[in-house]
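Visitor: Letter by letter, the chains look like this.
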Amino acid sequence: MTFKKIISPGFLLGVLILAATVCAAFMAETISPHDPYKQELIFGLESPTAAHPMGRDLLGRDVLSRLVHGSRISLTIGFAVVGISLIIGTVVGAASGAFGGWADMVMTRVVDMAQAFPGLLLAIAIMAVLGPGFGNLLFALCLTGWTGFARLMRGQTLALREREFVTAAISAGAGKGRLIFYHYLPNSLGPLIVEAAFAIASVILSEAGLSFLGLGVQPPEPSWGSMLNEGRPFLLVAPHLTIFPGLCLMALVLAVNLVGDRLRDVLNR
Amino acid sequence: MRRYLLARLLLLLPTVFGVVTAVFFIIHLVPGDPVEIMLGETATVTEKDVLRKNMGLDRPIQEQYFSFLAGLAKGDLGVSIKTREPVLGELLSRWPATLELALAALLLASVFGVSAGVLSAARKNGVADKFSLAASLVGVAMPNFWLGPVLIIIFSIWLGWTPVSGRDGFSSLILPAVTLSAGMAALILRITRSSVLEAASEDYIRSARARGLPEWKVFAKHALSNGMIPVITVMGLQLGALLSGAVITETIFSWPGVGRLLVEAIESRDYPLVQACVLNIALCYVVANLIVDFAYAAADPRVRVER
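Chains A and B are the protein sequences, given in the same order.
Using numbering that gives the first Met the number 0, you'd call the opening residue of the first sequence number 0 and step up by one each time.
Using numbering that gives the first Met the number 0, you'd call the opening residue of the second sequence number 0 and step up by one each time.
Worth flagging that the hints you see were computed from the coordinates, not collected in a lab.
Check each hint, because a few of them may be wrong.
What the hints assert, rightly or not - In silico PhoX-like cross-links for lysine-lysine, where the CA-CA straight-line distance does not exceed 25 angstroms:
| # | chain 1 | residue 1 | chain 2 | residue 2 |
| --- | --- | --- | --- | --- |
| 1 | B | K81 | B | K47 |
| 2 | B | K129 | A | K3 |
| 3 | A | K4 | B | K123 |
| 4 | A | K4 | B | K81 |
Let the hints inform the model, and build the full structure from the sequences given.
Guide: This is how it looks when you write it as structure tokens:
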């Protein structure tokens, strides 16, 4: 598969937005026009001006600078949760499919049970008990995130188990570990990458949703979800507090989905 | 069909038991002390001990679990710490609002998603198709906690057509229902389009055309009815998102449903109420999925034969 095959207008747009967000996150200190934590109460809720193109929040902080810094939270949570969930889910799913028996039965029941909950609801329940915070958020989203990967990897393993090259490897004396790492995993990468791309979009939205409910990242740390929450009481007088964080969030999720859509078309063909 | 229904109903029991157990242990075993979170860091040890004793949290975990199950069997979900009233009563008083909102959103998403998806498939690569696909991409990416406030700014504040929040007649239902249904409608649109297009390329469509059936009949009777099966599945899978989304949508619009009750319970650290709300929503999700399974079996005879 060549890179040329993947390229499409939608994919390029997605990559462009993603690259811009990643750059903003890495260079937040350099490119932020103002200090995102600096309060100037007398300018609270100021509408967009030339010096503050996205206006100021209740405490007079620059919205653009807070959005640039907030991109770190969205990206870190999105990639970290999906990375950890991918590793746990893949290992559990591959082991479950490869070993079969009671281990498989237990894993399948656990996954069924976890998926009997609407994902965000489970995260809300866990965050309600743990209390808000970055580490807790990571834990809650990982706890609900690995099951999709486990189910996918188990299905892939079961399908691959019947293939001739696996039978050949078994006849040549390959053990379960070798089968998992040399055959099942490399041959499941396509579907796993596609699943991971869509999972990143969903985790970014979940993080923002939890922060919107006051259960995610805590002030004064800027997160797009918590910025939306802070803007809610001022819809009438300061709609810019709601419009800009939402647009950023939507653009990022759209970008990840566009990349995921294209990867699915190419890798799962 | 009857055997399938019975088997599916029996399978529901372990799932319900699992959900009940999971909710109990999430609230009781996840690291973090509910009593400390409820009272705050400034509370004295004596105050914490008194509350722990009142809530029965000083007893061994297995004892708490069995007394929770016993209470549940009698319909006793505990007493709210804040109001001192049984939480079941609070839940029941909030359900009509959530049900009204969820059904309105489901209806809106299905009608809009299916009709736009069919139109998109019928005019493949046309202007309507391209517009629908672009709208669905945006719809899927648009968080409801942004769409809701934006709709409020436009329709309630600028135009003054609908109330900003609350539940007061039909006009107050419109914005929350649109907010909750947008993501689901976008997904239904995409699935309807692709499954109708896939069904339209099947051999039986060619046979129908060869038999001289008019094009609209081929499309409506064959392509559409066969293309609807994956759509039902997606609707089922989306019910979870709808119920989770209701928590956020109800918060935005101060809609007095179970989702809003859950957020209020979290804010006031009322754990018995949090537990009851989560359990309630999760069980509704399980039952809704069961209904979708039945609908699926009714729509596609292969499902009930295969299983």
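Visitor: Give a verdict on every hint.
Guide: Do the hints match the structure? See the list:
1. B:K81 / B:K47: Status holds; Cα separation ~16 angstroms.
2. B:K129 / A:K3: Roughly 24 angstroms between the alpha carbons, so the hint for B:K129 and A:K3 holds.
3. A:K4 / B:K123: The given pair, whose Cα atoms are some 23 angstroms apart, holds under the 25 angstroms limit.
4. A:K4 / B:K81: violated, 60 angstroms
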